[in-house]
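Reassemble the complex: the two chains are provided individually, in unrelated frames, and hints are given to aid placement.
Residues per chain are reported as follows:
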Amino acid sequence: MLETVIYSLLIGIFVGVSAGYLGSLMVLEKMALVGDALSHVALPGLAIGILFNFNPFIGAFAFLFTSAIIIWHVQRVTRISFEALVGATFTLALAIGIMIIPEPELLEALFGDITNVIIIDMVAAALISVVAIVLTKAIYRKLVLAMISEDLAISKGINVAKTNLLYLFLVSLVVAIGIRIVGTLLVGFLVIVPAIAAKNLSSDMFRYSLLSAIFGAVTAFSGILLSSYLNLPPGPMVVFSGIAIFTITIVANWKMQITT
Amino acid sequence: MSTTDKEDYLLKVANLKITLQNQIILDNINFNVKKGTTLAILGPNGAGKSVLFRALLNLLPYTGNVEWTEKVKIGYVPQNVAVSDIPLSVKEFLSIVQNKANAENALSLVKLDDKTILNKRLGVLSGGQLRRVLIAWALVDEPNILFLDEPTNGIDVGSEEPIFLMLNGIKKSKKMTILLITHDIHIVQEYSDYLLALNKCVTFFGKSEEIARLSTQKTIYGEPVCVETLKAED
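Residue numbers (the working numbering), protein chains in the order written: chain A, 1 to 260; chain B, 1 to 234.
Bound-form chain B, shown alone (with noise of 0.2 Å):
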């Protein structure tokens, strides 16, 4: 590999294997990533997607090789949260364990300007809200790098794209790379740069516009199964 290559990548990830309680989890997963781009990480329940980022994370034991090119901070979006009955500010929250000077800052960069937002509980915040909220308190020790685990999980479709058009702008403004769990094909399509499609090991790793080839996506959902169609009556 030359050395223009390894400076373009911010992680290079070798014979992943993750197992859980004497069960194989992810076999041998090679992909790299990026510096600056978006990799959208797709896959069924039950693909091994949340445990990569675990594992990323050092959350979670494995074995192979996990290489980032330079000190890299991580800004990390778990996809449930247990916020509802806790008695907590939205300024309290982004100051949690962090530099409670770029609170505000970070609020802005997610497009909430609207500052009695912060003195409002958690509990109360619409799903949008909420979302963008966390977004705002992974960007609050400025990171260069977003782990985002289904960043849009329990909000309605409408609210889904403003908040996916925001993250692309905080990946141009801020040079920053973001690794994306999601379901969603039309997300993968127009907000990320590359694909990682997995099943317990890579079913695809390529350019993201390679989904709206048939080819890719049998590669990634299998060969479609027909289902006899109702004959119209004459």
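Chain A with its partners taken away, still in its complex shape (with noise of 0.2 Å):
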């Protein structure tokens, strides 16, 4: 019991650094609620891999990549925002997921579970964590001069679409990890939440990141404390954890003028 707890913990601190961290790139280019939306896509995958007896990690992160691609692809053919292609996404995946999972694992893949963690599952979001970050890290600045005009950046040789495309891949890959720890509904929380308390303190970006990276993986670690501890599911009490943290830098910003 005490080794799966650990092993929790750690996948927590290896999935909150590295969903915080990508996150901040979300929350800047006004996606915060496509990272949401895009981890429900996950359910379908989840249940493919449920039914078919093979691990429901590697059906997650098919779906949510496919769609990525597909969404990245409809969105420079059409001009339709990124919000509504994957808000029609995400609600047929969960449609199809809902049909398809079967009912005793439902609760699990919507909210996470921690019970039945081995030492694999913390290596896989150990080296999921640290690629996603390293490559992350390589693209970050060509990704945030592109929000600031993608002309600009266009005009430094950088492949706009092409780091679009990569950063899709490694949100997908982070995500799919997230969801064994706090389910599909809920690690939007992790990819949006840090990053925005983090954004109440920060007017570099060195420091956003850096904060966004911490308030990740303390989020996820009291809330998979708090979880094991209570014996309640790990999911909510993720995301307890960080509406405590978001409202003190809400307070911490207001009371020192941070941002302003």
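Accuracy of the hints is not assured; some may be wrong.
[To be verified] Label pairs and their calculated CB-CB ranges:
#1 B:C201 x A:L135: 44 to 50 Å
#2 A:E150 x B:K73: 18 to 24 Å
#3 B:D27 x A:Q257: 31 to 37 Å
#4 B:N30 x A:I69: 39 to 45 Å
#5 A:R79 x B:N168: 51 to 57 Å
#6 B:D114 x A:A88: 47 to 53 Å
Hints in this document: simulated from the structure, not taken from any laboratory. Note that CB positions come from ideal geometry on N, CA and C, so glycine has one too.
Take a look at the structure:
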């Protein structure tokens, strides 16, 4: 039992750091809700994994990344906003997922479960998080420049479309491992809330991305600790921890006027 | 064309045509840019000024001939940027995807000598400071040509003049060639050497001082349309 808790806490730290760090870009891109909704797309993938007895994480990632590519391509062709396309895709995926996922596993898929975590899960989470963070760090400034002006970024030789696609791929990876801990309904929280809490306390990019990662880790770690202590589902506990941090940062920003 | 002429020019554009979504945006565009001069590009909204810039920067497809007579490094300042919501300091912005070492030098070129600005967030800068920081960004990699798309966009009239004076200083000290999109005839007269007036095609190309002539203004803006004035009451 103690081993399971330790593995879960370590997974929480890795997922929290990577989701917070990648989420800091998602929030700046004004795609916070895209990140949230995208996570729901994983549900049919999880269901297929459970039904056909292979690792649900692989099914979740396959669905997430395939949807991300479809959305990315349709957006480029039609110029319909990301939000609208993700809105359509995630509700479709949710509908399919709820139809096919076996009922006993539905709650676990939606809200997460840490009672049967093994060392392989922890190692996979660590590897994926490190890869996602290192690759995101390499494209972070390019994506920020593209947010300021896409023309400016292209004029500097940056392939904005390919960089965005790589970023979506990495977000899909991190969201897929986050689902293990907090479930599909709540993993979007780990992408959004640590980043907006960090934004409350940052006037430069270095501090913002660092605090996003730290708040992500603290949110996931404290949520999982509470969950195992109180014997409650981890997803909601992670959300409560994150909201507590976010509230503190709002008060700190209000009192110290950090971002004005 | 003689060898001397060829050496004088940095850019030669011939028969340039840009079509976007089956609509001709610019057609039959011909002009040259001499080294170390400022070419002002003037025209109404929708005339194709920014589209011309984007084509010259290879951001848009075109047909025709664009010839750079030597290897150029372009510094570009776009008309619109989205910075208000991004936690990014001036120091970080200046070193984004380019040489960090020149950041402070670029700031002094645009006359932002107060070093405290380096730690300020881009979103809290005044309009004039932000435009200077954008120009500094374009100067960090030491370009030999600047593309400025309405560099004083969104700032008050009083703050415009110092920016153009500063740009004139950079042009002289760095022997910079400048392509400048503007709506302002006064800026064309005072701060540019040549004028390219566009309205889907070239309506005027020549020395900027020509704009003072009524005939040139008629060429650019069309014949004046007179309105009936009110008669003064006896």
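How the hints compare with the structure:
1. A C-beta distance of roughly 47 Å is found between C201 of chain B and L135 of chain A, which places it inside the suggested range of 44 to 50 Å.
2. The given range of 18 to 24 Å is respected by E150 of chain A and K73 of chain B, whose C-beta atoms sit roughly 21 Å from each other.
3. The given range of 31 to 37 Å is broken by D27 of chain B and Q257 of chain A, whose C-beta atoms sit roughly 53 Å from each other.
4. At roughly 43 Å, the beta-carbon separation of N30 of chain B and I69 of chain A lies within the given 39 to 45 Å, and the hint holds.
5. Taking 51 to 57 Å as the suggested C-beta distance range, the pair R79 of chain A and N168 of chain B does not conform, at roughly 40 Å.
6. At about 50 Å, the beta-carbon gap between D114 of chain B and A88 of chain A stays in the expected band of 47 to 53 Å.
Checked against the numbered hints given earlier, the structure breaks hints 3 and 5 and satisfies all the rest.
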